[in-house]
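Asker: Now for the letters of each chain:
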Amino acid sequence: DTGVSQNPRHKITKRGQNVTFRCDPISEHNRLYWYRQTLGQGPEFLTYFQNEAQLEKSRLLSDRFSAERPKGSFSTLEIQRTEQGDSAMYLCASSAGPGQGSYEQYFGPGTRLTVT
Amino acid sequence: GQQLNQSPQSMFIQEGEDVSMNCTSSSIFNTWLWYKQDPGEGPVLLIALYKAGELTSNGRLTAQFGITRKDSFLNISASIPSDVGIYFCAGRYNTDKLIFGTGTRLQVFP
Chain P
28 DTGVSQNPRH
38 KITKRGQNVT
48 FRCDPISEHN
58 RLYWYRQTLG
68 QGPEFLTYFQ
78 NEAQLEKSRL
88 LSDRFSAERP
98 KGSFSTLEIQ
108 RTEQGDSAMY
118 LCASSAGPGQ
128 GSYEQYFGPG
138 TRLTVT
Chain E
391 GQQLNQSPQS
401 MFIQEGEDVS
411 MNCTSSSIFN
421 TWLWYKQDPG
431 EGPVLLIALY
441 KAGELTSNGR
451 LTAQFGITRK
461 DSFLNISASI
471 PSDVGIYFCA
481 GRYNTDKLIF
491 GTGTRLQVFP
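One line per chain: the protein sequences are P and E, in this order. Under this note's numbering, the residues of the first sequence are numbered 28 to 143, in order. Under this note's numbering, the residues of the second sequence are numbered 391 to 500, in order.
Treat the hints loosely; a few may be bogus.
[Said to hold, decoys possible] Using C-beta positions, here's what the derived DEER-type ranges look like:
(1) Glu105/P <-> Gln393/E: 19 to 27 Å
(2) Ala468/E <-> Ser54/P: 34 to 42 Å
(3) Ser400/E <-> Gly30/P: 25 to 33 Å
(4) Gln404/E <-> Gly99/P: 27 to 35 Å
(5) Leu445/E <-> Ser93/P: 41 to 49 Å
(6) Ser93/P <-> Ile457/E: 39 to 47 Å
No lab work stands behind these hints: they were computed from the structure. Values in this document were obtained by computation on a predicted structure and should not be read as measured data. Backbone N, C-alpha and C define an ideal beta-carbon position, used for all residues, glycine too.
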């Protein structure tokens with residue numbers, strides 16, 4: 028399977044705990060995106076990387092959230108001191124960069140986080 | 391965060407019927423995209439539009455990039471049960487981030 032993969036698919040945690048999610052993009056894609064989707068809404072942009080550089084961050088990404096892509100391949104999204112409002116589906120997408128053909132975003136299956 | 395307005399919010403149709411939905415924005419975009427999302431899964435790209443007035447088809451799906459650059463339309467012809475899901479529009483303007491719509495939920499009855 029050469030699509031975007033995300034792990035874990037589901038995570039239940041208690042309020043105040045830290046959680047980390049992983050995203051593996053399509054192998055030839057150098058751009059990687061994180062979105063958050065709450066129930067009944069469309070995905071909302073959080074941040075994106077070109078290779079290992081984090082190029083844009085949304086105001087939704089509070090200081091409890093941190094994303095990394097240390098070697099320009101997989102990425103991790105960590106949420107510290109989780110709150111019930113963090114419960115959502117966290118989606119990862121990847122795309123090719125300029126000059127690499129179509130650079131539309133292809134999404135993974137998401138990680139559903141439930142904070143109790 | 392900003393979300394685009396999609397209508398209708400939900401549709402209940404009979405198999406074989408045609409479907410139309412639209413998406414509007416208060417600001418212009420230079421790319422419009424349409425995605426479909428099944429429960430518990432990520433969005434799947436259906437159609438991408440890059441020029442005002444552009445009409446693009448993908449099988450039974452046809453989408454249009456509105457002339458004003460503030461809207462887009464998606465039509466599905468001869469609906470089948472596997473068309474069930476939530477359809478999202480998304481726009482992009484001079485940035486890589488996508489702004490998504492609120493979604494149209496489609497139910498198809500046999």
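Asker: Which numbered conditions among the earlier hints are violated in the structure presented, ordered from lowest to highest?
Answerer: Number 4 only.
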